[in-house]
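A.B. asks: Construct the complete structure from the given sequences, taking the supplied hints into account.
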Amino acid sequence: MSRHELDARRLLCPLPVIRTQDAIAGLTQGDELQVVCTDPGALNDIPAWCRINGHRIVETRQQDDEIIVTIEVG
Amino acid sequence: MTAPQRKAVALISGGLDSMLAARVVMQQGIHVEGINFFTGFCVEGHTHAIRKKDQSKNKRNNALWVAEQLGIKLHIVDVIDEYKDIVINPKHGYGQNLNPCLDCKGFMVHKAWEWMQNNEFDFIVTGEVMGQRPMSQRKDTMPVVQKESGAGDRLLRPLCAQHLPATLPEREGWVDREQLLDFHGRNRKPQIALAKRFGFTDYAQPAGGCCFLTDKAYSTKLADLWQARGERRYELDDIMLLKVGRHLRPQANFKLIIGREEGENKFMEGYRKQFIHFRCVSHRGPFVLLDGTPSDADIELAARIVARYSQGRDDDQVTLEVGFTDGRMHELQVSPLPSAEIHDEWHV
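Taken in sequence, the protein lines are chains A and B.
Numbering-wise (the numbering used here), the first sequence opens with residue 1 and increments by one.
Numbering-wise (the numbering used here), the second sequence opens with residue 1001 and increments by one.
These aren't lab readings, by the way, just hints derived from the structure by calculation.
The structure presented is a predicted model; accordingly, all values stated were derived computationally and were not measured.
Heads up, a few of these hints could be off.
Have a look at the derived ranges for each label pair, beta carbon to beta carbon [as the list claims (entries may be wrong)]:
#1 A/Ile-68 - B/Arg-1138: 44 to 52 Å
#2 A/Arg-51 - B/Glu-1269: 28 to 36 Å
#3 B/His-1031 - A/Ala-25: 14 to 22 Å
#4 A/Asp-7 - B/Arg-1328: 23 to 31 Å
#5 A/Met-1 - B/His-1031: 24 to 32 Å
#6 A/Gly-54 - B/His-1184: 36 to 44 Å
#7 B/Gln-1227 - A/Val-36: 33 to 41 Å
#8 B/Arg-1328 - A/Arg-10: 16 to 24 Å
#9 A/Ala-25 - B/Glu-1341: 51 to 59 Å
Virtual Cβ for every residue (Gly too), placed ideally from N, Cα, C.
C.D. replies: Now the structure itself:
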């Protein structure tokens, strides 16, 4: 298991979802990906994409103007 | 020997028709996965997040939501760069605005066809309904999409299949043609009835479709951008900025993008390293980007316009900060331009 980070700041949805999808395509099951976004839409869209594609949301949190979503690759 | 599980990739826009088309095929035991293309012009999603007044609204992405309702995977594909050629040089021309609908549909089905081949799927499903759209969903243009996309008879349109020649999935018995539909025209009642039958009670039906290029005001701004640049090209940032702010072009060599509220101001501040920008210091006022190549006199004129849109519009002097792309910052004191001198034709 390895940890990875993705900077999706300033991108508007659905780009944070697309970047997440593309990053996950290169990871293996059990890896963790932390995505940092600024578009509040990502708070709904990344978890929705994870649910339909079989990945687990470990945590979502807001810190100042940033949204941090941590995903465990399924 | 049992027949192999057939697989279809369905174009999912987030609207009702593509949702129903996928569901009709799933009902026949086909494994369906969704595909959604992000062109940069998609209405879905992003602008909802820019304006502060819209931030409390439901921000769901309808394509993802549809996939979740259907219980299928959704693959979202970034086609921003490839799509430029479709917008700039549409072989079949534009619709009422800068919407290249027929080329666009052919392009998307082609991309789905490539995906289908790369992922060993058997056919493509779309939610097209004959006679529903003036360009891409006509009896004479539907075969054009089939041919130019390369998908040929692996393109199934379940909602109006009975008006069309049998496709490969029908001829091979992967799907039963009798269970496909005969929708036609712009009447939405059959779709609404089918949605009810499937138990779908919440779905999106965007009036102008799912693309900014069908919007007159947006297309006017894009045409203005091309005219000012002397060539038909754009980057993603350009087309994002066409969605925000008030656009004023006082002269051919520059235009101003004036934030209309806090959410837009904040979004535009993200572009301050790429554009000359203005911020009011002495009064409350909008954040403003300048796109173009202004002279010193143009900067002065721009500052007076910005002052006009600030709370200091009726004062003698307004102080502004001007930031340049090389990082220099200047403070300027200007008198707001009288409203009578803001010409109507400046508004893009």
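A.B. asks: Each hint needs a verdict: does it hold in this structure or not?
C.D. replies: Comparing the hints with the structure gives:
1. For A/Ile-68 and B/Arg-1138, the Cβ-Cβ distance of about 48 Å falls inside the hinted range of 44 to 52 Å, so the restraint holds.
2. A hinted range of 28 to 36 Å for the beta carbons of A/Arg-51 and B/Glu-1269 is consistent with their spacing of about 33 Å.
3. Judged by the Cβ atoms, the range 14 to 22 Å given for B/His-1031 and A/Ala-25 holds: they are separated by roughly 20 Å.
4. About 28 Å separates the C-beta atoms of A/Asp-7 and B/Arg-1328, a value consistent with the hinted range of 23 to 31 Å.
5. Checked against the given bound of 24 to 32 Å, the beta carbons of A/Met-1 and B/His-1031, roughly 30 Å apart, stay inside it.
6. At roughly 38 Å, the beta-carbon separation of A/Gly-54 and B/His-1184 lies within the given 36 to 44 Å, and the hint holds.
7. A hinted range of 33 to 41 Å for the beta carbons of B/Gln-1227 and A/Val-36 is consistent with their spacing of about 38 Å.
8. Checking the proposed 16 to 24 Å range against B/Arg-1328 and A/Arg-10 shows it holds: the Cβ atoms sit about 23 Å from each other.
9. Look at A/Ala-25 against B/Glu-1341: about 55 Å separates their beta carbons, and that is inside 51 to 59 Å.
When each numbered hint is compared with the structure, no violation occurs for any of them.
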